[in-house]
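Whenever a hint applies, use it, and build me the whole structure from the sequences.
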Amino acid sequence: MRLFDLLEETCVTLLSNKVRSSLTILGIVIGIASVIAMISIGQGAKMSIQSSIQGLGSNLLTVMPGVIQPGRGLVSSGRGSGQTLKNEDAEKLKDLSGVSYVSPEFQRRFQITSQTGTNTNSTVTGGMSEYEQVRNITIDKGTFFNDGHNRSMAKVAVLGPTVAKDLFGEDEVLGKTIRINRINFRVIGVMKEKGSSGFFNPDDMIIIPLSTMQKILAGTDFLSTIALTVADKEQMPFVQEQATELLKERHRVAEPDFSIISQADILGTLSQVTTTFTLFLASIAGISLLVGGIGIMNMMLTAVTERTREIGLRKAIGARRRNITMQFLSESMMLTLIGGIVGILLGWLIASSVSRFAGIATAVSPQSVILAFGVSAIIGIVFGYYPAKRAAGLNPIDALRYE
Amino acid sequence: MLECGDITKIYTTGSIQTEVLKHVSFTVETGEFVAIMGPSGSGKSTLMNILGCLDIPTSGSYFLDTHDVSKMNDNELAKVRNTKIGFVFQSFNLLRRANVIRNVALPLVYAGIKKGERIIQAQHALELSAFPKEFWYYLPNQLSGGMMQRVAIARALVNNPALILADEPTGNLDTKTGEAVLDTFQDLHEKYQRTIILITHELYVAEHAGRIITIRDGVLVDDSRVKNRRRVQNNTI
Chain A
0 MRLFDLLEET
10 CVTLLSNKVR
20 SSLTILGIVI
30 GIASVIAMIS
40 IGQGAKMSIQ
50 SSIQGLGSNL
60 LTVMPGVIQP
70 GRGLVSSGRG
80 SGQTLKNEDA
90 EKLKDLSGVS
100 YVSPEFQRRF
110 QITSQTGTNT
120 NSTVTGGMSE
130 YEQVRNITID
140 KGTFFNDGHN
150 RSMAKVAVLG
160 PTVAKDLFGE
170 DEVLGKTIRI
180 NRINFRVIGV
190 MKEKGSSGFF
200 NPDDMIIIPL
210 STMQKILAGT
220 DFLSTIALTV
230 ADKEQMPFVQ
240 EQATELLKER
250 HRVAEPDFSI
260 ISQADILGTL
270 SQVTTTFTLF
280 LASIAGISLL
290 VGGIGIMNMM
300 LTAVTERTRE
310 IGLRKAIGAR
320 RRNITMQFLS
330 ESMMLTLIGG
340 IVGILLGWLI
350 ASSVSRFAGI
360 ATAVSPQSVI
370 LAFGVSAIIG
380 IVFGYYPAKR
390 AAGLNPIDAL
400 RYE
Chain B
0 MLECGDITKI
10 YTTGSIQTEV
20 LKHVSFTVET
30 GEFVAIMGPS
40 GSGKSTLMNI
50 LGCLDIPTSG
60 SYFLDTHDVS
70 KMNDNELAKV
80 RNTKIGFVFQ
90 SFNLLRRANV
100 IRNVALPLVY
110 AGIKKGERII
120 QAQHALELSA
130 FPKEFWYYLP
140 NQLSGGMMQR
150 VAIARALVNN
160 PALILADEPT
170 GNLDTKTGEA
180 VLDTFQDLHE
190 KYQRTIILIT
200 HELYVAEHAG
210 RIITIRDGVL
220 VDDSRVKNRR
230 RVQNNTI
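Taken in sequence, the protein lines are chains A and B. If you're matching positions, the first sequence starts at 0 in numbering that gives the first Met the number 0 and goes up one per residue. If you're matching positions, the second sequence starts at 0 in numbering that gives the first Met the number 0 and goes up one per residue.
Any given hint might turn out to be false.
Unchecked claim - Listed below are the simulated BS3-like cross-link pairs for lysine-lysine, each with C-alpha atoms no more than 27 Å apart in a straight line:
no. : chain 1 : residue 1 : chain 2 : residue 2
1   : A       : 388       : B       : 78
2   : B       : 70        : A       : 388
3   : B       : 83        : B       : 190
4   : B       : 114       : A       : 17
5   : B       : 132       : B       : 78
By construction, these hints were calculated from the structure, which means they are not laboratory data. Computed from a predicted model, the values in this text were never measured in an experiment.
What follows is the structure, encoded as structure tokens:
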């Protein structure tokens with residue numbers, strides 16, 4: 000039997016039962032489309048998180064009080080609960096070789112009000128002038144504070160764009176006064192928008208001089224974070240080790256009572272989260288693909304029963320087992336092939352409309368398309384094989400007599 | 000041309016063995032028109048299955064066109080059916096969704112013949128079975144029973160077989176159309192010297208053939224020429 004004849008036969012058969020064929024195809028379309036859409040949403044999330052973390056400053060090491068248990072990530076770190084990091088620690092870290100900037104920071108959430116009465120709850124970070132370099136801050140309007148502000152405990156603030164908008168709307172912000180914890184601050188600068196990375200929003204914060212933060216607002220002398228940048232990326236592990244030794248010695252402890260996290264660690268943790276997330280979405284979508292496959296098998300089994308006499312006739316006039324197997328396999332594969340192509344297009348459409356209308360980044364990767372295509376082909380073979388074998392195994396004498 | 004030697008067929012269901020055919024022997028020469036007759040349960044269907052290479056005998060030999068069919072496997076039997084035998088069934092067994100030409104050409108698909116050639120051979124076969132040209136592109140359900148059986152006869156002729164095997168070809172037709180179909184067989188026999196075996200339980204139908212083999216309870220009881228052969232007078236469908 001020629002391949003062209005086989006395909007022609009397949010098309011004629013499927014077209015003669017348009018409603019049933021298209022409903023079966025629909026099952027596969029939904030399965031493939033949801034797999035494609037889910038994977039691309041997951042991968043898009045992963046990529047946008049990666050790029051925004053890199054935007055926060057590469058070559059960054061973050062020292063935090065308390066021990067972060069491996070595998071539990073940042074969430075359980077209890078940031079700010081430990082009181083072991085002191086300003087002098089930051090001073091000493093500056094002397095390590097390979098370190099270019101050190102930024103001691105103290106962070107706490109406060110209620111912030113403007114004079115017009117609007118208020119917001121946001122993170123207030125006390126920092127040094129190095130904060131600007133270490134955290135990759137770009138100033139949109141006004142200036143960042145300098146060392147002088149820090150020495151004089153000046154009550155000045157640099158606002159993130161989200162805070163500025165929440166408090167003042169579209170009005171001019173520079174020179175205005177805001178109240179943090181009932182203390183007046185003058186706004187001297189507004190940061191440029193960085194964009195949310197999904198889990199935290201770097202635009203929703205206020206930066207004030209560290210001395211002001213510690214002495215006036217919080218009344219403490221410890222730090223919640225020391226961020227430091229390393230001149231050469233290759234030196235990161237070395238600097239991390241040096242810093243660990245130094246702080247252990249200063250704190251007089253055998254095991255570190257602090258954690259040093261590199262950008263790679265954060266990236267790794269978040270990648271793990273998004274990969275799990277993607278896998279979770281894809282497996283739910285996979286279930287619908289499986290259901291679609293069972294739909295194919297169901298249709299093919301019905302077709303075998305309905306066409307028993309036809310199979311008998313075909314065998315009587317000279318069709319071999321292989322011809323019958325191929326005929327039914329080709330029907331199920333044609334169904335999944337069409338379903339696969341339409342499903343990929345639909346999935347791509349869903350992914351791009353999600354990123355357009357919901358603002359979630361998506362990325363349809365060629366791998367996911369190949370995966371979806373391969374899976375649909377395999378479904379065609381796997382779920383078509385049993386009905387095809389059953390058809391081919393029919394005894395022509397019994398099949399011809401079947402009512 | 001066709002030689003059955005001591006054919007026995009035993010069906011085994013669980014521990015019960017049923018001997019359906021018992022030592023049946025006969026020969027059919029090329030160009031003969033033979034009717035195999037017997038009541039239901041006589042074993043004539045089993046004999047037809049063996050003659051049509053759909054089944055093989057438990058013991059005994061069956062030579063078709065000098066090939067020993069009784070020892071063949073599934074694929075070899077399929078090849079013999081495809082090239083040497085043309086079937087005509089009681090219930091026509093046409094494909095609903097294929098037009099007349101496609102139905103007739105179907106055996107050639109499995110012979111691996113190209114489409115253009117298939118259509119030419121199918122048209123030739125339709126002419127042999129006296130099927131009117133204006134219905135060539137109709138679907139089977141648009142045709143009458145007699146017309147459908149002519150399509151089936153054309154399909155049986157299309158591969159130019161050594162043997163045409165008709166199983167109760169008039170069973171689903173009224174007397175008049177049945178006669179027209181029988182006339183077609185007589186024509187094929189007389190004008191084109193085809194070898195035809197017709198299986199029936201009606202003496203009236205069998206008498207259209209030149210020779211009648213009678214089977215009862217799996218045993219060949221009679222094999223004789225027809226003295227007063229029936230002729231179809233009016234062969235319009």
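So, going through the hints one by one against the coordinates:
1. A/388 to B/78: Since the Cα atoms of residue 388 of chain A and residue 78 of chain B sit roughly 20 Å apart, the hinted pair holds (cutoff 27 Å).
2. B/70 to A/388: holds (25 Å)
3. B/83 to B/190: Answer holds: residue 83 of chain B to residue 190 of chain B is near 20 Å, not above 27 Å.
4. B/114 to A/17: holds (25 Å)
5. B/132 to B/78: violated (30 Å)
Violated hint for the displayed structure: number 5, the only one.
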